[in-house]
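Chemist: Chains W, H and A are the protein sequences, given in the same order.
FYI, the numbering for the first sequence is 16 to 259, going by my numbering.
FYI, the numbering for the second sequence is 3 to 92, going by my numbering.
FYI, the numbering for the third sequence is 14 to 127, going by my numbering.
These aren't lab readings, by the way, just hints derived from the structure by calculation.
Be careful, since some hints might not be right.
Said to hold, decoys possible - Listed below are the simulated EDC-like cross-link pairs for lysine to aspartate or glutamate, each with C-alpha atoms no more than 16 Å apart in a straight line: (1) W/Lys218 - W/Asp120; (2) A/Lys112 - H/Asp11; (3) A/Lys112 - H/Glu89; (4) H/Lys84 - W/Glu58; (5) H/Lys84 - A/Asp73; (6) A/Lys112 - H/Glu87; (7) H/Lys85 - W/Glu58; (8) W/Lys218 - A/Asp73; (9) W/Lys176 - W/Glu251; (10) A/Lys112 - H/Glu91.
Predicted model only: the values in this text are computed from it and were never measured.
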Amino acid sequence: MTLFLGSAVALAILLACSFAALPPTGDYRGPYGDLVNAVTVPERNVTDTVTAVNFDIRGFDTLGEEFILFVSVMGVLLLLRPQGNEPRRRHEDREQGRPAVPISDAVRVTALLLLPVVVLFGIYVVTHGQLTPGGGFQGGVILATAPLFLYLAGEFGNFRKAVPRTLVHIAEAVGGGGYAAIGLACLGAGAAFLQNVLPLGSKGTILSGGTIPLINASVGLEVTGGLVLGLMVYLEETLELKEE
Amino acid sequence: MTTGINVVDILQASTLIFAGVAATVVVLTRQPVSQAILISFYGLLLAIVFVLFQAPDVAFSQIVIGAVALPLMILLALAKIKKQEDESEK
Amino acid sequence: MSYLPYAVAAWLFVVGLYGIVTSRNMVHLVICLAVLQSSTYVLLLAIGYRTGAAAPIFADIPVGTPAVDPVVQALMLTDIVVEVAVVALILALVVQVHKRHGVIDPDKLRDLKG
Numbered sequence: 016m017t018l019f020l021g022s023a024v025a026l027a028i029l030l031a032c033s034f035a036a037l038p039p040t041g042d043y044r045g046p047y048g049d050l051v052n053a054v055t056v057p058e059r060n061v062t063d064t065v066t067a068v069n070f071d072i073r074g075f076d077t078l079g080e081e082f083i084l085f086v087s088v089m090g091v092l093l094l095l096r097p098q099g100n101e102p103r104r105r106h107e108d109r110e111q112g113r114p115a116v117p118i119s120d121a122v123r124v125t126a127l128l129l130l131p132v133v134v135l136f137g138i139y140v141v142t143h144g145q146l147t148p149g150g151g152f153q154g155g156v157i158l159a160t161a162p163l164f165l166y167l168a169g170e171f172g173n174f175r176k177a178v179p180r181t182l183v184h185i186a187e188a189v190g191g192g193g194y195a196a197i198g199l200a201c202l203g204a205g206a207a208f209l210q211n212v213l214p215l216g217s218k219g220t221i222l223s224g225g226t227i228p229l230i231n232a233s234v235g236l237e238v239t240g241g242l243v244l245g246l247m248v249y250l251e252e253t254l255e256l257k258e259e
Numbered sequence: 003m004t005t006g007i008n009v010v011d012i013l014q015a016s017t018l019i020f021a022g023v024a025a026t027v028v029v030l031t032r033q034p035v036s037q038a039i040l041i042s043f044y045g046l047l048l049a050i051v052f053v054l055f056q057a058p059d060v061a062f063s064q065i066v067i068g069a070v071a072l073p074l075m076i077l078l079a080l081a082k083i084k085k086q087e088d089e090s091e092k
Numbered sequence: 014m015s016y017l018p019y020a021v022a023a024w025l026f027v028v029g030l031y032g033i034v035t036s037r038n039m040v041h042l043v044i045c046l047a048v049l050q051s052s053t054y055v056l057l058l059a060i061g062y063r064t065g066a067a068a069p070i071f072a073d074i075p076v077g078t079p080a081v082d083p084v085v086q087a088l089m090l091t092d093i094v095v096e097v098a099v100v101a102l103i104l105a106l107v108v109q110v111h112k113r114h115g116v117i118d119p120d121k122l123r124d125l126k127g
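Here chain W stands alone, though its shape is the one from the complex:
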C-alpha cells in the first residue's frame, strides 16, 4: 500500500509538471483543427466534420477501429463457446426453487411499443451521420439494443426467431468486409484506397458526401451485428426455453 502511495504521488507530480507545459484549456493553437473546419464543408459537402474526419479524411484509422470491434466479438464468441464436456441442460430464467416471475402486462406493452420506435431511431441516427451528430457507431449500438426489448417482453420464442445466428453473422461480415470492399472499389476506379470518388451531392441531403453514407451504413451494420452476437452469447445461459 505504501508502495502504491509513493508511486502515485510521484506519478501525480510528473503529470502536473507535464500538464503545466500544455497550453491552458480554451487556448487552442493547433492549425490542423482550423484547417479541417475550413475545408470539409466546401470540399465534401457534409456538415458534420467529425463524421467526415472519421470516415473520409482519416478513414483508414476507422477501418482498423472497426476491425478491433470485430476481433473482440470474435474473441468473446471463442471464449464463451459451449465446451465439449458440459452437459446440455435446459436453463431456466429464475432462481432455483422460486416460482418464475410473470412478466407484467405493462412491461410487455411498453417494450413492444418501444421496439419499432427504437429501430426507427437507430436507422435515423445511422443515415443522418453526415448531417448531424450521429453516425455508424452510435446508430449501430442503438439498433443492437432493439432485440433486447423482445427479451424484456417475455417473447422468448420470437426473440430467438428475430435474431437467427446465421443472419447476424452474415450482417456483421457484410458490414465489416463492406468497408474494405468500398476502399478496394475506389482503387478499381483509378483513385487511391478509400478516396472519395462518388458524386458529392448537395449539402444537407442524406446522400451527400460521396462514399460517406455508404461507409456509414456498412459500419452501422457491422456494429449492430457484432454487439447483438456478443450480447446473445451472454444471454444464452439465462434464456428460458418455453414449451410453446
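Chain W is already provided as a structure; the job is to place chains H and A on it using the hints.
Modeler: The following block gives chains H and A in isolation, referenced to the frame of chain W:
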C-alpha cells in the same frame, strides 16, 4: 482574454468536479452490482461534460456505450458468474 | 479553471489505478479499468477546446465561425469503441477463468498452475 466568469465556465468546472467525485465513488464501491449502476450514472455525467465542452458526437457515443452497453455487459457477466457459483455449490 | 480539466484527468487516472491495484474482485477491476480509460477522454477533450467556440457541426452556422477541434473528437470516438472492445474481451476472460478455477479474487490467481 477573460471577460469575467460566465455561466458556462461555472457549469463546466462544477460538472468536471462532480465527475471526479463520481469516479472516486465508483472505485470505492466494492460490490460489482452496485458499481454497474454507478458506472451508468458516471457515463451519463461524462456525456454532460462532453456536451458542455461542445462535443455532441462524442457525447452521443458516450451515452450509448458508456451508459447502456457497458453496464449491460457487466450485469450479464455477473449473472453468468453467479449462475456458475450456484451450480458449483450444488 | 484553465488547468482544471487536466487536473481532473490526472485524478481520474490515479483513482482508476488505485482501484485496479487494490481490487479483490475481477469484475470490480474491469470497471476501474473503464474509469481509467475515461481519463483519456477528458484529457483529449480539454486539448481541443476553444473558449466561446461552437461545436464543429456546420448545419446551421456559417463555415467561418470559430469551432472546436474535430480531429480530437474523432480520436475520442475511436477511444470509446476501443474501451467497449477491451471490456467485452476481459469480461469474457473473467467468466472463463471463474468457470475453470472458481476464483474471482485476482490475488488468488497466482496459486494456479497450468
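Chemist: Next step is simple, just say for each hint if it's right about the structure.
Modeler: Here is what the structure says about each hint:
no. : hint                : in the structure
1   : W/Lys218 - W/Asp120 : 46 Å, violated
2   : A/Lys112 - H/Asp11  : 50 Å, violated
3   : A/Lys112 - H/Glu89  : 10 Å, holds
4   : H/Lys84 - W/Glu58   : 55 Å, violated
5   : H/Lys84 - A/Asp73   : 51 Å, violated
6   : A/Lys112 - H/Glu87  : 8 Å, holds
7   : H/Lys85 - W/Glu58   : 56 Å, violated
8   : W/Lys218 - A/Asp73  : 11 Å, holds
9   : W/Lys176 - W/Glu251 : 14 Å, holds
10  : A/Lys112 - H/Glu91  : 12 Å, holds
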